[in-house]
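**Student:** This is what each chain is made of:
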Amino acid sequence: METTAINPSAKLRIDTERRRSVNCILKNYKDSKSNLISILQDIQEKFSYLPTETLEEVAKKLNLKLIDVYGVATFYKSLRLSPQGKHNITLCLGTACHVRASAKILDEIQSQLGIGPGSTTENRELTFNTVNCLGVCAIGPVVVIDGKYYGRMTPIKTREMLSKYLKKKNFSNKATEKR
Amino acid sequence: MKKIRTKKNLEEYRKRIKKENSKFKKIVTICGGTGCHAYNCEQVKQKLRKELVKNGLLKKVALKVSGCHGFCENGPIVTIRPENIFYQRVSEKDVPEIMEKSILKNKIVEHLLYEDPVSRQKVTYLEEIPFYKSQKRLLLGKNGLIEPDKIEDYIVQGGYGALVKVLKLPAQKIIEIIKASGLRGRGGGGFPTGRKWEFCRNTEGEIKYVICNCDEGDPGAYMDRSLLEGNPHSVIEGMIIGAFAIGSNQGYIYVRHEYPLACRNAQIAIRQARKLGLLGKNILGSGFNFDIQIAKGGGAFVCGESTALIASLEGRMGEPRDKQHLHTTESGLWGKPTNINNVETWANVPLIINNGPEWFYQIGNENSKGTKIFSLVGKVQNTGLVEVPMGTTLREIIFEIGGGILNGKKFKAVQTGGPSGGCVPADSLDLPVDYEQLNAAGSMMGSGGMIVMDEDTCMVDVAKYFLNFLKEESCGKCLPCREGIKRMLEIVTDISEGRGKEDTLDLLEELSAVVTDTSLCGLGKTAANPVLSTLRYFRDEYENHIKEKKCPAGVCVPLLRYEILADCCKGCGACIKICPYNAISGKPKEIHIINQDICAKCGSCKTICKFNAVQLQ
Chain A
920 METTAINPSA
930 KLRIDTERRR
940 SVNCILKNYK
950 DSKSNLISIL
960 QDIQEKFSYL
970 PTETLEEVAK
980 KLNLKLIDVY
990 GVATFYKSLR
1000 LSPQGKHNIT
1010 LCLGTACHVR
1020 ASAKILDEIQ
1030 SQLGIGPGST
1040 TENRELTFNT
1050 VNCLGVCAIG
1060 PVVVIDGKYY
1070 GRMTPIKTRE
1080 MLSKYLKKKN
1090 FSNKATEKR
Chain B
26 MKKIRTKKNL
36 EEYRKRIKKE
46 NSKFKKIVTI
56 CGGTGCHAYN
66 CEQVKQKLRK
76 ELVKNGLLKK
86 VALKVSGCHG
96 FCENGPIVTI
106 RPENIFYQRV
116 SEKDVPEIME
126 KSILKNKIVE
136 HLLYEDPVSR
146 QKVTYLEEIP
156 FYKSQKRLLL
166 GKNGLIEPDK
176 IEDYIVQGGY
186 GALVKVLKLP
196 AQKIIEIIKA
206 SGLRGRGGGG
216 FPTGRKWEFC
226 RNTEGEIKYV
236 ICNCDEGDPG
246 AYMDRSLLEG
256 NPHSVIEGMI
266 IGAFAIGSNQ
276 GYIYVRHEYP
286 LACRNAQIAI
296 RQARKLGLLG
306 KNILGSGFNF
316 DIQIAKGGGA
326 FVCGESTALI
336 ASLEGRMGEP
346 RDKQHLHTTE
356 SGLWGKPTNI
366 NNVETWANVP
376 LIINNGPEWF
386 YQIGNENSKG
396 TKIFSLVGKV
406 QNTGLVEVPM
416 GTTLREIIFE
426 IGGGILNGKK
436 FKAVQTGGPS
446 GGCVPADSLD
456 LPVDYEQLNA
466 AGSMMGSGGM
476 IVMDEDTCMV
486 DVAKYFLNFL
496 KEESCGKCLP
506 CREGIKRMLE
516 IVTDISEGRG
526 KEDTLDLLEE
536 LSAVVTDTSL
546 CGLGKTAANP
556 VLSTLRYFRD
566 EYENHIKEKK
576 CPAGVCVPLL
586 RYEILADCCK
596 GCGACIKICP
606 YNAISGKPKE
616 IHIINQDICA
626 KCGSCKTICK
636 FNAVQLQ
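Residue numbers (the numbering used here), protein chains in the order written: chain A, 920 to 1098; chain B, 26 to 642.
Bound-form chain B, shown alone (with noise of 0.2 angstroms):
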């Protein structure tokens, strides 16, 4: 492939390629993202192509394997176009009727297709189906129709045509335009992206760096890594026209060694668009040098803050430093100006230099603008990543996009933020979703993992799951954060094992004032959050757990006692076979009983019962 060097090149690749597609009569995807892969995607993926082969439809049919479709919880997912038939949970013995019906003639599996929960009406195409049909996936609709390893995809999606707008253009007037549109920064801060741009261009010094953020370490987040796995280019095109703004040359993709998929794909864009001219020198003949490297993180949460991060790509441990009076954007990665950006921010660039800052400006709410992707997990009934618009009320995503909570199960919480955030109470569920609002209800936005809470999740057990992991990931640089969290950990420790005594909460609320007013780091500062925030909304749940011992969500095991209900027992012996430590003792058809020495509270009797004989007390 001969290098692209001007707009008139770039026009006839496309034309080319599309000229190429249009042989292919009908178009089969298969999810190839992380959580379809866990289904076996990749066997669905041998089985059809077999079948092509088997029917000579190699070249009339294309065979793609795409990024995330964002519906995780329905996997593997196949859809055809361009019908856009979408079909859900496939496995290797539904492609040959999928062969058969929907490929060799244009009929539907319909055994395969969506079914709406409440009007149990069978749904056939993607847009349709109600977890998309509220979406605005901006970000992430493209990920079901690009092949994440083939820039061509992209390129016949309009891709790269947003870089060869922007190398005509001024630097200041690229940097006006992201102020005009109101994007923020994504991976949490929400700190204006235009004006950091604008900062680390006016900072003197010939050397400059951009940072593609995907170090997202916050439990329950998936959204980076969908579109850095599923849309990598997209990332690309927003670093070199970010670059290009700033004066910067060479960039970098800080990616989670935990996500070996985003890595590779990544790496493969790279590679093609530099054999393109996309990259390296004299990109599109505009005189303008910039090259993107990989780094891989080494599994440290705290590298997510910017300063750890430049630290972890120079080699070192990853320990923040103090930034109020030095920005990287002033003194960054080897000491020079370094603009940090997370993955979803950079992948909006092209769109708004696409379609206008008008455009992104007039989506969202007043003070934050354009879509952002939440991850939803946890106990909704449709799990997977929802692209909003800013502002969406926590109701309608919950509800409406994620249908409701799991087993007709009752509504508690909804965490968002990660171990920075907190949760959000039930009365609260009108809340829009934006920067300011969260943060008012004692959350953050954070990158957007929204795990959702029910009835049987503890509160108490929420707050000490994540002290646990804020204790293993403090990088021990400042004492408040090292020692504090340690000694909060103990606390709710204490209560939630039976030991909490009546002034237990003030200490708990003093300590977690002092980490959150002397740590070094955004860490620390925001460490006490979900403390804070459970004892805000959720503060009987506590006092439950201190004065009548126990935990009414049935999670805090020192609390819990098992035991089978004579009257409903009917010594079918299910509980005995599935008990792991042998705790339960009886002779068939008679009542059978548990060990309360041996019982290690682990809950499978409850769940093999068929006569709901075991209570938990």
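Isolated chain A, as found in the complex (with noise of 0.2 angstroms):
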């Protein structure tokens, strides 16, 4: 999951304090494994992901098998296992967006990005994702960045505001430096 290389006691310090984080989310959850989504949830509102430590101890404390932690933390969509960007942009493909062209934004903001959705830049400033609806139709097709909802995108109107927002950022941007 995580690979970059930390020496062993800094990990270690990390690690505990993962752990001391997990049970202070615990206590505020009575029923705490009909919690398990909400606690995992939670727990990766504090991390932006679930670092592998973090479930061992949920699964310890809520005296649960690991496989059944991992087996919810895989199923569902809104959990991940590695860390995001500290930026996100979002697209919608639902079937609104879809009928609007979504696919051509798609490919756009894969050909700006450098990445494919589901991943993150190397430098984990920006992870790029695709949902299945948002919920916001009438205004398809949707890109959030950051929080922020962007309606009636074209892939003209896309290029031109992610590289504005990448010049802002200051991040390099695939496609100008092809250029």
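Errors might be hidden in some of the hints.
BS3-like, lysine-lysine: derived pairs with alpha carbons at most 30 angstroms apart [said to hold, decoys possible]:
(1) K952(A) - K118(B)
(2) K118(B) - K1076(A)
(3) K949(A) - K980(A)
(4) K1083(A) - K612(B)
Since the hints were made in silico from the structure, they are not lab data.
Take the two lone chains and join them into the complex the hints point to.
**Tutor:** See the structure below:
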């Protein structure tokens, strides 16, 4: 899951801290087993993903098998096992967006960012995701950047907006580099 | 605030709020639905507040942020009451003008009014706009009057009056009322609500649960979000009434995690209802105890299925179980009798209690009663939420309310029922929309998504889209669904990429039948619908892809070829500049050429060309 090498004592410290935060979160739930999904969502909100040791801690404290916790963590789309970028770009691929050509916007974003859906740039700055429907179908196709919704997108609009955004955030832009 | 214990308390409370509200001369409401948020309604609100402060009007003019008005196409929407002036596409810079003309004086800001696209007439008032005029907004109508995080707004509109009425009745009587109203499940199945309640009530057991299903997973449908987001108390009141009739003390609202605003508003509403004693112990002094918890979904389409939803509530993977022999009303959450209804079904309950079952029964047509909210989206002029009586024809919805197809294109089909539904073609436009008629047309009601498609939509691509969606969302428990959908997707992909053979369609039909007959839950059983309905009505399009290797709608990329017409090209260079793949070359004022090896067929050049020189071959 995590690949960055860190020295063992630092890792131990992080582990302990993470386990401690898990225990804090668990205290908020009375009937814990049934709240497994909410608990995992809370943990994810804190760490932006579900680090291995937090899953172990949850399994231990709730008296569940690790495989069951892992099963839930991988079944639901909202839960992630790898860290996310600091910034987020989400593209809606719901039916309404699809018939208004969101597939072309997907191509555009991919070529601009150089990453596919569900992945994060190498510098961990930016994550790109697609979703099945955001429920704002009336203004589709919809792109969400850091929580802000942009409606009625076209490939051209997307390109202009992304290059502006990437410039503002000082990210390298694959498509402009190529040119 | 003191707890409300009696009917009299509630009446007094309502009167007090009315009196407090009467000091406001005008009410300015800005729509705060997710759609309008995308159009910066937050900034408009801030600016409105600033202007009110500047003019010292905070105590005379009420500023409200309401839930979704439904006309999301034209957001952000600002209404001014009591006149009911309707302003659309309001931006921050329009605010001073609204202030000066409509709030300080009684004038109208002309350029913010809705313009009828046919008559070119400006329309001042909400109820006169064609989009609203033909609707019957029993459920959605209150959205514009209520601030979702203020229980006072709901109560002043008569809220929780139905609850007061019900708590005095015997449970069986309430069930009879719901049965007599003819209300059927709005989540898609259309099971009679009253009968479901009765089953659950009659199952033995001390502990029973009621659940509100807001796992609105159908892509293209968002009416449940708007209801729970815009008027959460109507859903909560419905749930309390249902719980009282069934004999349940604990309820859950299961909300998709993609709907953060709905979660927040429902959470706030529950807290407020508890504070007033409308939830919790001894509700309104009746001795009845009931509370509601919010459960956030994890993002799995299959969890809209009742048994999968229950598995998810129990903290497990959302895998459905066979429910043909054991209904959730007998054994649901934690093995206890459980009654699950959709958001819209619950929101209908207080209306029925307040107005009587006969009133509800006379709305709609023979077998489907009441109104239904549809999310009218896709290639239609007026996109948004539309509430009409059951039995309204597709033509009325799409052409009268929806204003017809975008950019004057030709209507091809409308997709209803989400991934479990199907496409209904142009010659069925006069079909009355109800549960039975849609089923007969090879589609289904579903939760109410209505995606309009025009001549530029490829039906093979639509089938592929849904198969891809279902492949991702299949939970993997049963083989026919897990493997069958994958193979169907492979076949349709082959067709869309020019690899289809003569006998491919027969194989596709055979496989569809197997998946339909042998899958475990609704997801698999209906997974073939998008394929079967497009095959039924648009077989020629499939055959075009297979025999001629062409996509008539110009969507399936591998079958496309963009070319620049030498006669039309002026050599302006716009396409060279816009092409993200550097696939176009040519000197200024000379004819440009597309390099077919590099072209990714994104169509940007076709969009940008002012001379119509780029053509799809």
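**Student:** If you draw a straight line from the CA of K1083(A) to the CA of K612(B), is it 30 angstroms or shorter?
**Tutor:** Distance ~28 angstroms between K1083(A) and K612(B) Cα, so the pair holds.
**Student:** Given the hint that K949(A) pairs with K980(A), test it: the Cα-Cα distance must not exceed 30 angstroms.
**Tutor:** Distance of about 13 angstroms is within 30 angstroms: holds.
**Student:** K952(A) and K118(B) were given as a pair; does the straight-line alpha-carbon distance stay at or below 30 angstroms?
**Tutor:** violated, 51 angstroms
**Student:** Please work out if K118(B) and K1076(A) have their alpha carbons no farther apart than 30 angstroms.
**Tutor:** holds, 23 angstroms
The structure does not agree with numbered hint 1 stated previously, though it agrees with all others.
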